[in-house]
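Put together the whole structure using the sequences plus the hints.
If you're matching positions, the sequence shown starts at 76 in this note's numbering and goes up one per residue.
FYI, nobody ran anything at the bench for these hints, they're computed from the structure.
Think of the CB as a built atom: it goes at the ideal place given N, C-alpha and C, for glycine as much as any other residue.
Hints should not be assumed to be uniformly reliable.
As the list claims (entries may be wrong) - Using C-beta positions, here's what the derived DEER-type ranges look like:
| id | residue 1 | residue 2 | range |
| --- | --- | --- | --- |
| 1 | P178 | H291 | 41 to 49 Å |
| 2 | A308 | A159 | 15 to 23 Å |
| 3 | W95 | D315 | 36 to 44 Å |
| 4 | K318 | T204 | 20 to 28 Å |
| 5 | A126 | D208 | 38 to 46 Å |
| 6 | P178 | P103 | 22 to 30 Å |
| 7 | G292 | L106 | 31 to 39 Å |
| 8 | Q236 | P103 | 17 to 25 Å |
| 9 | V245 | L106 | 12 to 20 Å |
| 10 | P154 | P110 | 24 to 32 Å |
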Amino acid sequence: MPDPSTARPAAGAARAGEWWAGVRALAPMLLGVAPFGLIYGVLAVNAGMPAWLACAMSAIVFGGASQMILTQLWAAGTPALVMALTVAMVNLRHALYSATMAPALAPLSRGWKALIAYLLTDEAFAAMTRRLDGGSADRGAGPYRHWYFFGAGFALWAGWQVSTLAGVLVGAQVPRHWPLDFFLPLTFIGIIVPALKHRAQLAAALVASALAVACHGLPHKSGLMAAALGGIAAGMLLRDRGKRSGRPREHGGTPEGDRHGPRRRSGSAA
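Shown next as structure tokens:
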């Protein structure tokens, strides 16, 4: 029977090890997150948003794309309902992230689920899924795996808050007549273009771009929502046509199971 006096320190060390492993996995991504947060802070202040509200959005919304779009809508005087609907549309992808993570989080308490759900972003999701798919059974189903998720999410959260605050402080010194809005599309282009690897993704990007230009004059920036819906529809349509015609999967040729046999299912962790 294990000695409780030694089991507790060992468990604490395991939790700390998982947490720091998550932080280290996310750290390289902060090189791209920090400039994004800085630009958001500058744009928010120059759009007329109070500094406290710009920082509060980073803590409450905690979504780079959503906050960038909210800044643009704020500057245009868009009604709150339209802003809420637009942000909901942009963040719809998080429902897919949550569905992917749900089996691994099922044994956890509601508090842990709420914490990890709050910290679940694009970059954190990438680190978390790599942890789920990583090699050995111990790596995929460790009893303290959720501490890894916590560490990865917290690293991104802290980096985003600091970079936002820096942008707000810098933005207060930048003249408002400078055309800083120009950095917004450039930022998104830099994020999206390297991620376009399949025809469905390319179709979605092209259709959304064309609709965004065509619907630019619509009131309350509602053209952004029309462009998002049109891009999603185009991508799904092309992907469905590819599946019906028997073409290889968009995610890269032959299915994973055909090359390496059935894929191991990740076990759940407490």
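A quick look at each hint next to the structure:
1. Range check, P178 to H291: about 42 Å between beta-carbon atoms, so the 41 to 49 Å window is met.
2. The supplied range of 15 to 23 Å is met by A308 and A159, whose beta-carbon atoms lie about 22 Å from each other.
3. The hint said 36 to 44 Å for the Cβ distance between W95 and D315, and at roughly 43 Å that hint holds.
4. Here the CB-CB span from K318 to T204 is close to 23 Å, well matched to the stated 20 to 28 Å.
5. Distance hint check: the CB atoms of A126 and D208 are about 41 Å apart, consistent with the given range 38 to 46 Å.
6. Taking 22 to 30 Å as the suggested C-beta distance range, the pair P178 and P103 conforms, at roughly 27 Å.
7. In this structure the supplied range 31 to 39 Å holds for G292 paired with L106, their Cβ-Cβ distance being about 37 Å.
8. Separated by about 19 Å at the C-beta atoms, Q236 and P103 satisfy the suggested range of 17 to 25 Å.
9. Distance hint check: the CB atoms of V245 and L106 are about 18 Å apart, consistent with the given range 12 to 20 Å.
10. The hint said 24 to 32 Å for the Cβ distance between P154 and P110, and at roughly 31 Å that hint holds.
Violated hints: none; the structure is consistent with every hint.
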